[in-house]
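First to last, the protein sequences are chains A and B. Residue 1 is where the first sequence starts when you use my numbering, and the numbers rise one by one after that. Residue 152 is where the second sequence starts when you use my numbering, and the numbers rise one by one after that.
No wet-lab data here; the hints were simulated from the structure. By construction, the Cβ of each residue, glycine as well, lies at the ideal position given by its N, Cα and C atoms. Please note: incorrect hints may appear among the correct ones.
[As the list claims (entries may be wrong)] Incomplete in silico selection of chain B near chain A, CB under 10 Å:
no.: 1; residue: Asp-167
no.: 2; residue: Ala-231
no.: 3; residue: Ile-242
no.: 4; residue: Asn-244
no.: 5; residue: Asp-246
no.: 6; residue: Ala-250
no.: 7; residue: Asp-254
no.: 8; residue: Arg-258
no.: 9; residue: Arg-269
no.: 10; residue: Tyr-271
no.: 11; residue: Ala-276
no.: 12; residue: Pro-292
[What the hints assert, rightly or not] Cβ-to-Cβ under 8 Å is the rule here; a few derived chain B residues that face chain A:
no.: 13; residue: His-164
no.: 14; residue: Glu-175
no.: 15; residue: Leu-177
no.: 16; residue: Leu-218
no.: 17; residue: Ser-227
no.: 18; residue: Gly-228
no.: 19; residue: Arg-232
no.: 20; residue: Gly-233
no.: 21; residue: Gln-264
no.: 22; residue: Asp-274
no.: 23; residue: Gly-282
no.: 24; residue: Arg-286
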Amino acid sequence: MPPVPSDRHLLRARDVIDVRYAEPLDLDALARAACVSRWHFVRSFHRAFGETPHQYLLTRRMERAAALLRTTDHSVARICAEVGLTSVGSFTSSFKRIHGCPPTAYRRAHPPATDLAPIPSCALMAWMRPRSRATSEKTGRATAGSVAAVR
Amino acid sequence: MLKRVSHVNVWVHDQDEALAFYTEKLGFEVREDVTLEEFEGFRWLTVGPAGQPEVSLILSVPGPPPLDPDVAQRLSGMLARGELSGAGAMIFNSDDVQATYEDLTDRGVEFIQEPMERPYGIDAAFRDPSGNSFRIMQPAP
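This is chain A alone, in the form it adopts within the complex (with noise of 0.2 Å):
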């Protein structure tokens, strides 16, 4: 059997922040998922899927709170939690940069269409996260701790 490319183990961590995002994930499990070393793993996902461990978390944590927001009457505390975060002020300040305004603001512009179409949650998931030109923060590059510190 040939060996599996190691790009199918960066999948599988992926994976894991696609279905755990609501969960403090940090970068040592990430690694463990990916079968490589903490260190190794952050430059092979960037160099894989063009964005970092800590940009790919956010933005799938941004696309889950913005479908809570379109599609149940959770207040944004509730929802900051929902997604993983602890700080309301952090999870405020990184939706209003990533999707242009702030959580009320995107609630009241989105009415709950989708809900109305067959399309497969997998497919809204995978349209809806937002870019990652949108996710930079204060230092613009996601550091090795960077995914501890939005637990």
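Given the coordinates of chain A, work out where chain B should sit on it, guided by the hints.
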């Protein structure tokens, strides 16, 4: 006039690995497994769900001679990164997605989405060993 779908190609990393996954974990049946030594060992391998004999999945490995080695390598990379499936390489129907999810999870299938209620029904998603994603859907009554 085109009448119906009979075969769908699914790129896989390794045919033996895929055969074991699709038959032992998903419960598919083998339709054809033929190796043609005169064609550089080309292996025609098809599987399908037992309840739908008219549709088969062709499990193909990207590589020469049909594909240039560079193209095959790029395709293999896309496969491994999950870039070939789109919203799902295929969507399977089930009468009970929750039960199917539990059964396949017990068999070691990697799910990337647990059963989720949607306006059109309940669906879940999993990957095969190569990186393809598939969906299971239980249409709303």
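Going down the list of hints, with the structure as the test:
Among the interface hints, the one on Asp-167 (chain B) holds; its C-beta lies about 6 Å from the nearest C-beta in chain A, closer than the 10 Å criterion. Residue-level restraint check for Ala-231 (chain B) holds (minimum Cβ-Cβ distance to chain A is 4 Å; threshold 10 Å). For Ile-242 (chain B), the suggested interface contact is upheld, since its CB lies about 7 Å from the closest CB of chain A, less than 10 Å. Among the interface hints, the one on Asn-244 (chain B) is violated; its C-beta lies about 13 Å from the nearest C-beta in chain A, farther than the 10 Å criterion.
Given the 10 Å rule on beta carbons, the hint for Asp-246 (chain B) is violated: about 18 Å separates it from the nearest Cβ of chain A. Violation of the interface hint for Ala-250 (chain B) is found here, the shortest Cβ-Cβ separation to chain A being roughly 19 Å, above the 10 Å cut-off. Proximity of Asp-254 (chain B) to chain A is violated relative to the hint, the smallest CB-CB distance being about 19 Å (cut-off 10 Å). With its C-beta approaching chain A no nearer than about 17 Å, Arg-258 (chain B) sits outside the 10 Å limit, and its interface hint is violated.
Taking 10 Å as the C-beta contact cut-off toward chain A, the hint placing Arg-269 (chain B) at the interface holds, the least distance being around 6 Å. The interface hint given for Tyr-271 (chain B) holds, since its Cβ lies 4 Å from the closest Cβ of chain A, which is under the 10 Å cut-off. Taking 10 Å as the C-beta cut-off, the interface hint given for Ala-276 (chain B) holds, the closest approach to chain A being about 5 Å. At about 14 Å, the closest approach between the beta carbon of Pro-292 (chain B) and any beta carbon in chain A exceeds 10 Å, and the interface hint on this residue is violated.
With a least beta-carbon distance of about 7 Å to chain A, the hint placing His-164 (chain B) at the interface is held under the 8 Å criterion. Taken as an interface hint, Glu-175 (chain B) does not check out: its beta carbon lies about 15 Å from the nearest beta carbon of chain A, beyond 8 Å. The beta carbon of Leu-177 (chain B) is not positioned within 8 Å of any beta carbon in chain A (closest approach about 18 Å), and the interface hint is therefore violated. Because the beta carbon of Leu-218 (chain B) sits about 15 Å from the nearest beta carbon in chain A, more than 8 Å, this interface hint is broken.
This hint holds: Ser-227 (chain B) has a C-beta 6 Å from the nearest C-beta of chain A, less than the 8 Å allowed. About 6 Å separates the beta-carbon of Gly-228 (chain B) from the nearest beta-carbon of chain A, less than 8 Å, and the hint is met. Hint status for Arg-232 (chain B): holds, given a least beta-carbon distance of 5 Å to chain A, under 8 Å. The interface hint given for Gly-233 (chain B) holds, since its Cβ lies 5 Å from the closest Cβ of chain A, which is under the 8 Å cut-off.
Annotation: Gln-264 (chain B) was flagged as interfacial toward chain A, and the flag holds, the nearest CB pair being 6 Å apart, inside 8 Å. Among the interface hints, the one on Asp-274 (chain B) holds; its C-beta lies about 6 Å from the nearest C-beta in chain A, closer than the 8 Å criterion. At a threshold of 8 Å, the smallest CB-CB gap from Gly-282 (chain B) to chain A is about 5 Å, leaving the interface hint in force. Against a cut-off of 8 Å between C-beta atoms, the interface hint on Arg-286 (chain B) holds, since the closest Cβ of chain A lies about 6 Å away.
Hints 4, 5, 6, 7, 8, 12, 14, 15, 16 from the list above are not met by this structure, while the remaining hints are.
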